[in-house]
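Just need the whole structure built from these sequences, with the hints factored in.
What follows is the residue order along each chain.
Number of protein chains: 2
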Amino acid sequence: MNQVGGPASGDSTVADLGEFSLISQFTRGLQMSPAVSLGPGDDAAVFLVNGSAVCSVDMLVEGVHFRRDWSDPTHIGRKAVAVNAADLEAMGAFGVSMVVALGLPPELSVPWVREFSTGLREEAEAAGVVVVGGDVTAARDITISVTVIGETRGLPVVTRSGAAPDQLVAVRGRLGWSAAGHSVLSRGFRSPRVAVEAHRVPQVPYGQGAVAAMAGATAMIDVSDGLLADLGHVARASGVTIDLDSSALPIDEPLVTVAAATGVDPLTFVLSGGDDHALVACFSVGDVPMGWTIIGRTVAVPTHAEPTVLVDGELAPRERGWEHFRT
Amino acid sequence: MNQVGGPASGDSTVADLGEFSLISQFTRGLQMSPAVSLGPGDDAAVFLVNGSAVCSVDMLVEGVHFRRDWSDPTHIGRKAVAVNAADLEAMGAFGVSMVVALGLPPELSVPWVREFSTGLREEAEAAGVVVVGGDVTAARDITISVTVIGETRGLPVVTRSGAAPDQLVAVRGRLGWSAAGHSVLSRGFRSPRVAVEAHRVPQVPYGQGAVAAMAGATAMIDVSDGLLADLGHVARASGVTIDLDSSALPIDEPLVTVAAATGVDPLTFVLSGGDDHALVACFSVGDVPMGWTIIGRTVAVPTHAEPTVLVDGELAPRERGWEHFRT
Numbered sequence: 010m011n012q013v014g015g016p017a018s019g020d021s022t023v024a025d026l027g028e029f030s031l032i033s034q035f036t037r038g039l040q041m042s043p044a045v046s047l048g049p050g051d052d053a054a055v056f057l058v059n060g061s062a063v064c065s066v067d068m069l070v071e072g073v074h075f076r077r078d079w080s081d082p083t084h085i086g087r088k089a090v091a092v093n094a095a096d097l098e099a100m101g102a103f104g105v106s107m108v109v110a111l112g113l114p115p116e117l118s119v120p121w122v123r124e125f126s127t128g129l130r131e132e133a134e135a136a137g138v139v140v141v142g143g144d145v146t147a148a149r150d151i152t153i154s155v156t157v158i159g160e161t162r163g164l165p166v167v168t169r170s171g172a173a174p175d176q177l178v179a180v181r182g183r184l185g186w187s188a189a190g191h192s193v194l195s196r197g198f199r200s201p202r203v204a205v206e207a208h209r210v211p212q213v214p215y216g217q218g219a220v221a222a223m224a225g226a227t228a229m230i231d232v233s234d235g236l237l238a239d240l241g242h243v244a245r246a247s248g249v250t251i252d253l254d255s256s257a258l259p260i261d262e263p264l265v266t267v268a269a270a271t272g273v274d275p276l277t278f279v280l281s282g283g284d285d286h287a288l289v290a291c292f293s294v295g296d297v298p299m300g301w302t303i304i305g306r307t308v309a310v311p312t313h314a315e316p317t318v319l320v321d322g323e324l325a326p327r328e329r330g331w332e333h334f335r336t
Numbered sequence: 010m011n012q013v014g015g016p017a018s019g020d021s022t023v024a025d026l027g028e029f030s031l032i033s034q035f036t037r038g039l040q041m042s043p044a045v046s047l048g049p050g051d052d053a054a055v056f057l058v059n060g061s062a063v064c065s066v067d068m069l070v071e072g073v074h075f076r077r078d079w080s081d082p083t084h085i086g087r088k089a090v091a092v093n094a095a096d097l098e099a100m101g102a103f104g105v106s107m108v109v110a111l112g113l114p115p116e117l118s119v120p121w122v123r124e125f126s127t128g129l130r131e132e133a134e135a136a137g138v139v140v141v142g143g144d145v146t147a148a149r150d151i152t153i154s155v156t157v158i159g160e161t162r163g164l165p166v167v168t169r170s171g172a173a174p175d176q177l178v179a180v181r182g183r184l185g186w187s188a189a190g191h192s193v194l195s196r197g198f199r200s201p202r203v204a205v206e207a208h209r210v211p212q213v214p215y216g217q218g219a220v221a222a223m224a225g226a227t228a229m230i231d232v233s234d235g236l237l238a239d240l241g242h243v244a245r246a247s248g249v250t251i252d253l254d255s256s257a258l259p260i261d262e263p264l265v266t267v268a269a270a271t272g273v274d275p276l277t278f279v280l281s282g283g284d285d286h287a288l289v290a291c292f293s294v295g296d297v298p299m300g301w302t303i304i305g306r307t308v309a310v311p312t313h314a315e316p317t318v319l320v321d322g323e324l325a326p327r328e329r330g331w332e333h334f335r336t
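Just so you know, the protein sequences line up as chains A and B, in that order. Counting from 1 along the first sequence, just add 9 to a position and that's the residue number in the numbering used here. Counting from 1 along the second sequence, just add 9 to a position and that's the residue number in the numbering used here.
Quick caveat, the hints were computed from the structure, so don't treat them as lab data. Keep in mind it's a predicted model, so treat the numbers as computed, not measured. Ideal Cβ placement from N, Cα and C applies to all residues, glycine included. A couple of the hints might just be wrong.
Stated by the list, open to error - Estimated spans, in silico, between C-beta atoms of each pair:
(1) V273/A - R196/B: 55 to 65 Å
(2) R196/A - G197/B: 45 to 55 Å
(3) M299/A - E315/B: 23 to 33 Å
(4) R245/A - R199/B: 42 to 52 Å
(5) M41/B - G137/A: 21 to 31 Å
(6) T36/B - P311/A: 23 to 33 Å
(7) E315/B - S21/A: 24 to 34 Å
(8) E131/B - G272/A: 49 to 59 Å
(9) A257/A - Q212/B: 52 to 62 Å
(10) F29/B - G272/A: 25 to 35 Å
(11) G27/B - T127/A: 28 to 38 Å
(12) A309/B - M223/A: 48 to 58 Å
Unchecked claim - If the Cβ cut is set under 10 Å, some of the chain B residues that face chain A in the computed set are:
(13) H74
(14) W79
(15) P298
Said to hold, decoys possible - One side only, chain B facing chain A, incomplete, derived with CB under 10 Å:
(16) A102
(17) T161
(18) R169
(19) S233
(20) S293
(21) D296
(22) M299
Structure, rendered in structure tokens:
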């Protein structure tokens, strides 16, 4: 009956540690960057921002965004950073720093906290951000709020609203993998392993946001709610219709495997599965960067119609997806 | 048996609203500043920072940091911003922007959310920060994580570590009021009203951090854990001993009233009560700004001793305070 992440016999708990020793689990041996003039330990952190500052926050709550029996603490730490750093990518910005606020149950084991901290650091390093500060408090459920701050380095930011008709829509990163992994885990299975791992930690295509910005991307978003849902935000913000070509959508092997085992159309994962944090952007013809996959185009919104997302010229049925993976 | 903050008959709930309508409760009619080029609604916010960026985060959890039966939603919103903005003040920085991540129980009433949002905005305005973004998720307990970003405008930041012997220690803001209010509330009373209100919303001396920085403050902190505890951080970080003069400590009228009613020494509130977020700083003699109260001095740490905080030349008993107001 020992709760996952609870103390094994002999493990000390967060309550045993106390606030200041707990904080040292996160700050000990942290590497700063030249931009950071003051890291953790004072009232606030101090760092330089080159160009405009770009800032995003996300909160992850146990039982809502992750489960301790599905994900290791390292995965959870990595995911908490990745979902946020993906927002910087989606603006075409460069990472600088992050702060993290944590609500932790007093009975949580110290090894859990240590591994979680390792995950935070690993992903921060991958994303090019430095952990400069944080806050720790008691809470009933593990609650993680990460704020990332990035910089533009003189590049224009890529919003959701700049797309125009007759542009190409292209994607970089995975689509549907996390949803396929969730589908597997919720049926009590642990394979295919790559899908399960994709659900635990998204593989954000770090650096590609800036590549898209430099290539002249007119609009960009990271796929957190699902391709249809997120391109819907771009369509409405830009006032265009987006038409996806289903034959161009990448249906990767793990999706085929999971779809076959669960009896669903793998395209459902691709169109409606969120949480992979692929980048999807609009470009003028000729501007699509190397390594990006063209999956559709923008068209003018017909008179008396609303901006929307089509698949092969037809309205994508809304029920195909997202509620599917929400509950 | 209706939970405070739960829906009255007819009130719609957070679950009724859904994510996007909920977000609009926070973003509708928000005022931006000239520094902000992109506010809420995209993947991240974009704004300018003049000088170095200064950043702090805090997480407030229902039942740990506030109680819905003790505080109105407006108070809770204001407090969530104030505790954070006080950290910018304590660096001598100027506020720029803030992002807020919220975990809200689905059964929370919409009017509660609306009033909370009003409180956030009121305090943000007082603190000179603009709400530029956020995240909302479901949670069992109301959980509020505010990240504030400030700027130095070319002034040096004031850390905890710059104090030297033979300087003066001065305070601006209230000491002990919140603890006195907590003492009253925990006994089931609601007066003196000023003390109760001080517990609900700290009165941060906005602008005085920069005043202290410009006057040449050598070290500064905001009093969140209690005067002795927080000056202990300054003493250790700076390598000095701090000697407070008990006769110089302000014992304001509400503290006297509450102390008399509860049979404690009012000095306990002043020395050990936290959560008022007064600013306490060290200055060379002659540098103390107008309106600040001199309460002690720094002295060299005696050989073989550790940096510490004294009251009238004697070691302040550790048990006088903090645990008192914790649990």
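Outcome of the hint check:
Separation of V273/A from R196/B is about 60 Å and conforms to the stated range, judged on CB atoms against 55 to 65 Å. Between R196/A and G197/B the beta carbon distance is about 52 Å. The supplied range of 45 to 55 Å therefore holds. About 60 Å separates the C-beta atoms of M299/A and E315/B, a value inconsistent with the hinted range of 23 to 33 Å. Range check, R245/A to R199/B: Cβ separation about 48 Å, and the 42 to 52 Å hint holds.
For the pair M41/B and G137/A, the supplied restraint of 21 to 31 Å holds, since their beta-carbon distance comes to about 28 Å. As the Cβ distance of T36/B to P311/A is approximately 30 Å, the hint placing it in 23 to 33 Å holds. Roughly 26 Å separates the CB atoms of E315/B and S21/A, a value that falls within the hinted 24 to 34 Å. A beta carbon spacing of about 54 Å between E131/B and G272/A agrees with the range 49 to 59 Å that was offered as a hint.
With their beta carbons about 60 Å apart, A257/A and Q212/B fall inside the hinted range of 52 to 62 Å. Remark: the range hint 25 to 35 Å for F29/B to G272/A is upheld by a beta-carbon distance near 32 Å. A hinted range of 28 to 38 Å for the beta carbons of G27/B and T127/A is consistent with their spacing of about 36 Å. Separated by about 56 Å at the C-beta atoms, A309/B and M223/A satisfy the suggested range of 48 to 58 Å.
For H74/B, the suggested interface contact is upheld, since its CB lies about 7 Å from the closest CB of chain A, less than 10 Å. Taking 10 Å as the C-beta contact cut-off toward chain A, the hint placing W79/B at the interface is violated, the least distance being around 18 Å. The closest approach between the C-beta of P298/B and any C-beta of chain A is roughly 19 Å, which is over the 10 Å cut-off, so the hint fails. At its closest, the beta carbon of A102/B sits 7 Å from a beta carbon of chain A; the interface hint therefore holds under the 10 Å criterion.
Nearest Cβ of chain A to the Cβ of T161/B: about 7 Å, under the 10 Å cut. The hint holds. Because the smallest distance between the Cβ of R169/B and any Cβ of chain A comes to about 5 Å, under 10 Å, the interface hint for this residue holds. The interface hint given for S233/B is met, as the beta carbon of that residue sits about 9 Å from the closest beta carbon of chain A, less than 10 Å. Against a cut-off of 10 Å between C-beta atoms, the interface hint on S293/B is violated, since the closest Cβ of chain A lies about 21 Å away.
The interface hint given for D296/B is broken, as the beta carbon of that residue sits about 20 Å from the closest beta carbon of chain A, more than 10 Å. Taking 10 Å as the C-beta contact cut-off toward chain A, the hint placing M299/B at the interface is violated, the least distance being around 23 Å.
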